[in-house]
Amino acid sequence: MVAKKGGATRGGGGAATMSEDSVEELTRVPLQAILLADSFATKFRPITLERPKVLLPLVNVPMIDYTLSWLESAGVEEVFVFCCAHAKQVIEHLDSSQWFKQPNFTVTTIESNNSAGAGDALRLIYEQNVIRGDFVLVSGDTISNMPLSEALKEHRERRKKDNNAIMTMVVRQSKPSPVTRQSRLGTDELFMAIDPETKQLLYYEERADNGTVSIDKTVISDHPSMYIHNDKQDCYIDICAPEVLSTFADNFDYQHLRRHFLKGLLDDDIMGYKIFTHEIHASYAARIDNFRSYDTVSKDIIQRWTYPLVPDVQLFGNTATKLERRGMYRGSGVGLSRSAQIGPFTVVGSGTTVGTHSEISNSVVGKSCKIGENVSIDGSYIWHDVTIEDGCVIKNALVCDGVIIKSGVILEPGVVLSYKVVVGQNFVVPAYSKVSLYQQPIKQDSDEELEYADNSSGTMDISSLSSLSDKLNETTSRLSELQLQSASEVGNGGVGLIWSTSEGSHEEEWRHSVAPIPADKLEILYTSNDELEVLHQDGNVPPPEEMERDSVASDSSEDIKDEFQTFEKEVFATFERAVLENHKDDNVILEVNSLRLSFNLDASDCAGPLFYSIMKWALTMGHSSPSELVKNVASLLTKWQKVLKYYMPSIDEEIEVIMKFEEMCMESAKEYSQLFLQILHLLYDKDIVQEEAILNWASEKENADESDKVLLKQAESLIQWLKEASEEEDEDED
Amino acid sequence: MDFQVVVLAGGFSKTLVPLVSKEVPKALLPVANRPVLSYVLELLEQNNLKDLIVVVEGESAALLVGGWISGAYVDRLHVEVAAVPEDIGTADALRAIDHHLTASDILVVSGDLVCDVPPGAIASAHRRHDAVVTAMLCSTPVSGPIESGSSGGKDKAKKPGCHNIIGLDPSKQFLLHVAAGLEVEKDVRVQKSILRAVGQMEIRTDLMDAHMYAFKRSILQEVLNHKETFHSLRRDVLPYLVKSQLRSEFPLNGVQGDENGNHQDTSQESKILLSQLLANASTPSFHELYALGPNGSPIARKTHKCCVYIASKTNYCVRLNSIQSFCDINRDVIGDASHLSGCSFSAQNNIIHPSAVLGSKTTVGPQCMLGEGSQMGDKCSVKKSVIGRHCRIGSNVKIVNSVVMNHVTIGDGCSIQGAVICSNVQLQDRVVLKDCQVGAGFVVTAGSEYKGESLAKKEK
Numbered sequence: 028m029v030a031k032k033g034g035a036t037r038g039g040g041g042a043a044t045m046s047e048d049s050v051e052e053l054t055r056v057p058l059q060a061i062l063l064a065d066s067f068a069t070k071f072r073p074i075t076l077e078r079p080k081v082l083l084p085l086v087n088v089p090m091i092d093y094t095l096s097w098l099e100s101a102g103v104e105e106v107f108v109f110c111c112a113h114a115k116q117v118i119e120h121l122d123s124s125q126w127f128k129q130p131n132f133t134v135t136t137i138e139s140n141n142s143a144g145a146g147d148a149l150r151l152i153y154e155q156n157v158i159r160g161d162f163v164l165v166s167g168d169t170i171s172n173m174p175l176s177e178a179l180k181e182h183r184e185r186r187k188k189d190n191n192a193i194m195t196m197v198v199r200q201s202k203p204s205p206v207t208r209q210s211r212l213g214t215d216e217l218f219m220a221i222d223p224e225t226k227q228l229l230y231y232e233e234r235a236d237n238g239t240v241s242i243d244k245t246v247i248s249d250h251p252s253m254y255i256h257n258d259k260q261d262c263y264i265d266i267c268a269p270e271v272l273s274t275f276a277d278n279f280d281y282q283h284l285r286r287h288f289l290k291g292l293l294d295d296d297i298m299g300y301k302i303f304t305h306e307i308h309a310s311y312a313a314r315i316d317n318f319r320s321y322d323t324v325s326k327d328i329i330q331r332w333t334y335p336l337v338p339d340v341q342l343f344g345n346t347a348t349k350l351e352r353r354g355m356y357r358g359s360g361v362g363l364s365r366s367a368q369i370g371p372f373t374v375v376g377s378g379t380t381v382g383t384h385s386e387i388s389n390s391v392v393g394k395s396c397k398i399g400e401n402v403s404i405d406g407s408y409i410w411h412d413v414t415i416e417d418g419c420v421i422k423n424a425l426v427c428d429g430v431i432i433k434s435g436v437i438l439e440p441g442v443v444l445s446y447k448v449v450v451g452q453n454f455v456v457p458a459y460s461k462v463s464l465y466q467q468p469i470k471q472d473s474d475e476e477l478e479y480a481d482n483s484s485g486t487m488d489i490s491s492l493s494s495l496s497d498k499l500n501e502t503t504s505r506l507s508e509l510q511l512q513s514a515s516e517v518g519n520g521g522v523g524l525i526w527s528t529s530e531g532s533h534e535e536e537w538r539h540s541v542a543p544i545p546a547d548k549l550e551i552l553y554t555s556n557d558e559l560e561v562l563h564q565d566g567n568v569p570p571p572e573e574m575e576r577d578s579v580a581s582d583s584s585e586d587i588k589d590e591f592q593t594f595e596k597e598v599f600a601t602f603e604r605a606v607l608e609n610h611k612d613d614n615v616i617l618e619v620n621s622l623r624l625s626f627n628l629d630a631s632d633c634a635g636p637l638f639y640s641i642m643k644w645a646l647t648m649g650h651s652s653p654s655e656l657v658k659n660v661a662s663l664l665t666k667w668q669k670v671l672k673y674y675m676p677s678i679d680e681e682i683e684v685i686m687k688f689e690e691m692c693m694e695s696a697k698e699y700s701q702l703f704l705q706i707l708h709l710l711y712d713k714d715i716v717q718e719e720a721i722l723n724w725a726s727e728k729e730n731a732d733e734s735d736k737v738l739l740k741q742a743e744s745l746i747q748w749l750k751e752a753s754e755e756e757d758e759d760e761d
Numbered sequence: 006m007d008f009q010v011v012v013l014a015g016g017f018s019k020t021l022v023p024l025v026s027k028e029v030p031k032a033l034l035p036v037a038n039r040p041v042l043s044y045v046l047e048l049l050e051q052n053n054l055k056d057l058i059v060v061v062e063g064e065s066a067a068l069l070v071g072g073w074i075s076g077a078y079v080d081r082l083h084v085e086v087a088a089v090p091e092d093i094g095t096a097d098a099l100r101a102i103d104h105h106l107t108a109s110d111i112l113v114v115s116g117d118l119v120c121d122v123p124p125g126a127i128a129s130a131h132r133r134h135d136a137v138v139t140a141m142l143c144s145t146p147v148s149g150p151i152e153s154g155s156s157g158g159k160d161k162a163k164k165p166g167c168h169n170i171i172g173l174d175p176s177k178q179f180l181l182h183v184a185a186g187l188e189v190e191k192d193v194r195v196q197k198s199i200l201r202a203v204g205q206m207e208i209r210t211d212l213m214d215a216h217m218y219a220f221k222r223s224i225l226q227e228v229l230n231h232k233e234t235f236h237s238l239r240r241d242v243l244p245y246l247v248k249s250q251l252r253s254e255f256p257l258n259g260v261q262g263d264e265n266g267n268h269q270d271t272s273q274e275s276k277i278l279l280s281q282l283l284a285n286a287s288t289p290s291f292h293e294l295y296a297l298g299p300n301g302s303p304i305a306r307k308t309h310k311c312c313v314y315i316a317s318k319t320n321y322c323v324r325l326n327s328i329q330s331f332c333d334i335n336r337d338v339i340g341d342a343s344h345l346s347g348c349s350f351s352a353q354n355n356i357i358h359p360s361a362v363l364g365s366k367t368t369v370g371p372q373c374m375l376g377e378g379s380q381m382g383d384k385c386s387v388k389k390s391v392i393g394r395h396c397r398i399g400s401n402v403k404i405v406n407s408v409v410m411n412h413v414t415i416g417d418g419c420s421i422q423g424a425v426i427c428s429n430v431q432l433q434d435r436v437v438l439k440d441c442q443v444g445a446g447f448v449v450t451a452g453s454e455y456k457g458e459s460l461a462k463k464e465k
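Going down the list, the protein sequences come from chains A and B. 28 is the number of the first residue of the first sequence in this note's numbering; add one for each residue after it. 6 is the number of the first residue of the second sequence in this note's numbering; add one for each residue after it.
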């Protein structure tokens with residue numbers, strides 16, 4: 028492709044290449060990208076109640092700016108930013124940071140206020156019909172410096188060969204910790220199976236809830252060699268064909284990109300869509316999914332893994348920052364006291380002042396912060412305009428804009444202080460607590476959807492904006508009331524509510540927090556993992572063989588038997604409904620057929636269960652004498668003859684029905700055993716079974732055990748008669 | 006090398022009827038005119054493994070095999086022939102000869118293996134990693150899977166050539182998962198714990214377990230003694246060892262029985278060190294990392310290693326376990342894998358014993374073998390076939406893709422294609438056989454035609 032382009036610019040080449048070029052030129056569409064500026068998750072609450080996640084500063088620059096500048100540098104020409112929660116804020120930000128005015132880089136926003144997930148977003152984009160070719164799908168919290176050209180080339184080449192290769196996922200080497208079973212980005216461990224030749228993705232499992240990875244045997248037989256990975260990380264950067272959008276449109280229940288869409292594609296073999304992976308080795312890609320990844324990625328940026336997206340390179344909206352010794356970045360106009368110690372790998376934003384004897388290490392401090400004397404800050408993220416008074420100790424905490432921390436406060440590891448919280452003097456904020464001016468949504472509403480209902484008020488129009496301000500007033504007024512009582516909440520003179528962590532997630536809080544996992548937790552995990560494993564393995568290791576092998580052998584046949592029995596039951600239920608609700612024959616056939624398909628059975632398997640249903644129903648109709656029962660059966664058979672015959676195209680099914688009837692007589696419905704001959708005769712009269720079937724059945728039964736022959740003997744007279752009749756017929760013909 | 010070799014030679018295998026008979030147990034079936042067992046024995050001899058135990062099922066078979074070995078290898082190998090009851094599993098057979106096992110490592114070889122992979126390579130891989138078990142894997146033969154008995158093309162279409170599902174670590178040295186037998190037909194279930202420890206596992210379905218294993222004796226005996234329900238090495242013992250490798254229940258790494266228990270700690274450390282050095286890797290294997298736990302946590306875990314040796318694709322490696330494979334091996338040994346036969350081929354790429362007599366206008370094509378003292382009449386044609394010793398073949402006989410054993414009489418005008426004719430068979434004139442097996446001593450009457458049948462005398 029590159030070569031061809033070169034030819035075109037030189038203007039040379041024969042007519043053939045020219046036409047080819049022009050075709051390519053015509054079909055060439057600018058590389059497009061969809062950026063989801065909403066994570067559709069609640070992991071960054073309470074901060075995301077006030078500001079969209081993509082605008083949260085990461086090393087003093089909003090996340091979305093990282094994503095956009097990467098896309099721009101990677102050659103994307105047109106980006107559609109999908110905004111949902113706090114859409115206004117996102118648009119304002121894009122406007123103020125010049126993203127709308129870049130040459131050769133178009134940024135278009137698409138607003139929605141009722142999307143509940145990535146699926147809704149993509150369906151909306153599909154309806155707008157703006158995507159013309161392959162596109163890059165990322166979320167606005169992706170930090171990367173990978174070049175897209177190679178992955179795109181692979182993707183396009185695959186598409187040329189196989190139109191079903193609709194998506195290329197970017198993955199990266201990253202082994203999760205064997206103890207915590209999560210990656211360094213705080214995401215759950217991931218199991219993927221990839222074909223080493225084609226790089227096709229064959230299996231994807233994000234949540235580990237059982238001890239084994241189970242891969243379908245059909246997949247195995249198609250791929251003689253495959254790798255199961257536990258050491259890869261999903262970068263959430265997807266190169267998609269337009270079919271991805273239409274797949275979302277076709278499957279209105281797809282919402283989550285991985286859990287629904289990917290799983291759906293991997294499980295479904297009707298469409299035959301395939302997903303491939305592209306592994307990056309040298310470049311960086313990560314998605315900020317939780318507080319832990321926020322911490323990890325921040326450190327990676329400071330340590331320059333994401334170059335050129337680092338604080339001292341002015342690629343995007345960041346301000347002049349100077350890199351000094353020991354990985355320290357200092358913005359302009361920083362007022363440091365002489366005795367202040369700024370440790371390694373620390374960023375201090377412009378206009379920030381630090382008082383005497385204060386120590387800052389491994390942290391990020393935003394713009395215009397005021398840090399008092401004797402303050403110790405370690406491993407923390409202090410955003411803009413934060414005031415920290417004297418003598419505070421802050422370790423592994425996240426402090427949002429406008430927070431005031433009064434003197435002598437101690438923030439224990441994992442604390443998150445949301446916007447404008449005030450912490451009272453000498454207060455100790457307990458570990459992993461989250462403090463916000465907003466009240467915590469009530470538990471049952473804490474589901475994802477409410478946040479959007481909540482947030483969409485901010486994205487709507489003026490009237491709703493006023494309602495928002497009302498709400499804010501309400502909160503503040505509430506807070507002023509609270510201030511009196513809130514001495515208990517965040518200290519004397521503090522403003523803010525400590526969110527209670529729901530019982531279930533409390534234990535897990537430390538997993539995703541900005542603070543490293545404490546050693547004692549590791550110890551507990553380590554031992555519990557071992558125990559778990561032993562448990563799992565005891566479940567898996569074959570219990571001494573003999574048994575196992577037997578059970579294996581019988582398993583499959585038993586399964587089939589069980590399945591058939593459930594099928595029989597289902598057919599009976601269908602039939603019951605049909606009788607009670609007076610369905611038409613055709614509808615019954617339709618229903619039985621769909622049942623049959625769902626159980627993966629043949630049409631020939633239906634006759635038995637259907638006959639069984641009819642006979643069983645006849646029994647349930649109630650009868651006082653055998654003759655009445657026969658009458659019932661007769662009337663039912665007349666009514667359902669057509670349906671029954673539909674499933675009995677050949678002699679085999681007829682024999683099947685007789686056998687079924689025989690089985691019923693012997694086992695489930697003994698009432699029939701005395702009537703066997705009568706009903707068999709009835710079946711013959713109604714042409715449901717032909718004489719050939721009866722005779723075949725009789726001859727098959729000839730060699731059976733004596734006990735099995737009871738019914739045969741009963742039917743002896745009929746069989747005899749049939750035989751004679753057929754002989755006579757033969758003679759007649761002669 | 007302190008290796009003891011156990012050759013499992015089988016007995017009168019039922020799947021090979023009518024080829025095997027009371028006079029010819031499976032181990033003595035001729036492949037290019039010498040018993041199949043000789044291929045294994047010579048392979049072992051070449052690798053200087055001369056201390057062997059040959060395990061034969063059934064007393065009478067043992068006598069036959071023993072008689073042959075003592076005749077052929079009397080001063081070359083130190084062979085002990087042990088008879089075990091018939092129809093027992095491979096694990097049972099080892100259990101039965103338990104008291105014979107003394108060396109620290111045991112090499113178990115199937116007696117029906119025809120291959121050119123040096124057992125020494127397996128032994129050294131085993132030693133290098135200080136493994137509990139090392140299995141040899143080879144690529145599935147190109148000619149398609151060796152199908153047991155006469156399964157039709159239907160099964161083949163379902164799962165082309167899938168015998169074993171094997172899980173390997175990225176360096177292809179360790180065995181992480183194995184599914185054999187019935188499990189192959191099910192979905193693959195891989196333990197996550199081992200995936201976590203290794204990070205990446207390769208699942209292969211194009212490899213075949215070649216039935217050559219090296220075991221650490223102490224562990225093998227412990228497993229055999231404690232798990233009395235284990236019958237087969239391949240189906241029971243190997244999967245068990247593989248599954249339990251990260252939570253080993255055995256006293257390991259130096260604690261070799263009680264005799265040297267005093268030096269446990271020192272020898273353990275030095276062994277680990279040694280195995281790391283020998284594994285010529287600067288980083289320890291995942292087993293050791295896993296055993297150490299994070300930050301050298303005090304809770305040490307017991308692990309043991311299961312290794313593999315993967316034969317390269319150019320190696321020949323097939324087991325004689327079906328009639329089909331019997332034909333294939335005979336064809337290959339005088340054809341593509343002719344180096345195995347140990348004979349030198351003539352310019353026409355065939356082997357005709359000097360004492361064999363050919364009639365006029367009789368042609369013996371390439372990739373053929375004609376045994377000692379056999380006679381052929383006029384205008385015969387032999388293609389890609391093996392003919393044994395002292396056969397009398399009439400005129401106008403066509404033999405293609407067939408194996409004719411010893412002392413066979415073939416009348417004039419016979420046509421034999423893809424057939425196996427056992428010893429002492431008499432084919433009268435104008436017999437036409439296609440894809441047939443004829444059991445020892447059978448007489449095929451003149452002019453009869455058979456296709457795809459198995460002919461044998463009725464056993465009394």
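In case anyone wonders, no lab produced these hints; they're calculated from the structure. We treat Cβ as the ideally placed atom computed from N, Cα and C, and that holds for glycine. Treat each hint with caution, since some may be false.
[Stated by the list, open to error] Each pair of labels, with its calculated beta carbon distance range:
{"id": "1", "chain 1": "B", "residue 1": "Asp121", "chain 2": "A", "residue 2": "Ala309", "range": "53 to 59 Å"}
{"id": "2", "chain 1": "B", "residue 1": "Arg39", "chain 2": "A", "residue 2": "Ala309", "range": "34 to 40 Å"}
{"id": "3", "chain 1": "A", "residue 1": "Arg331", "chain 2": "B", "residue 2": "Gln51", "range": "55 to 61 Å"}
{"id": "4", "chain 1": "A", "residue 1": "Pro676", "chain 2": "B", "residue 2": "Asn354", "range": "49 to 55 Å"}
[Said to hold, decoys possible] Covered stretches of chain A (chain B as the covering partner; in silico rule of three or more C-beta atoms under 8 Å from a C-beta of chain B):
{"id": "5", "region": "58-69"}
{"id": "6", "region": "196-209"}
{"id": "7", "region": "251-258"}
{"id": "8", "region": "374-381"}
Exercise. Which of the numbered hints above does this structure break?
Worked result: Violated hints: 1, 2, 4, 5 and 8; rest satisfied.
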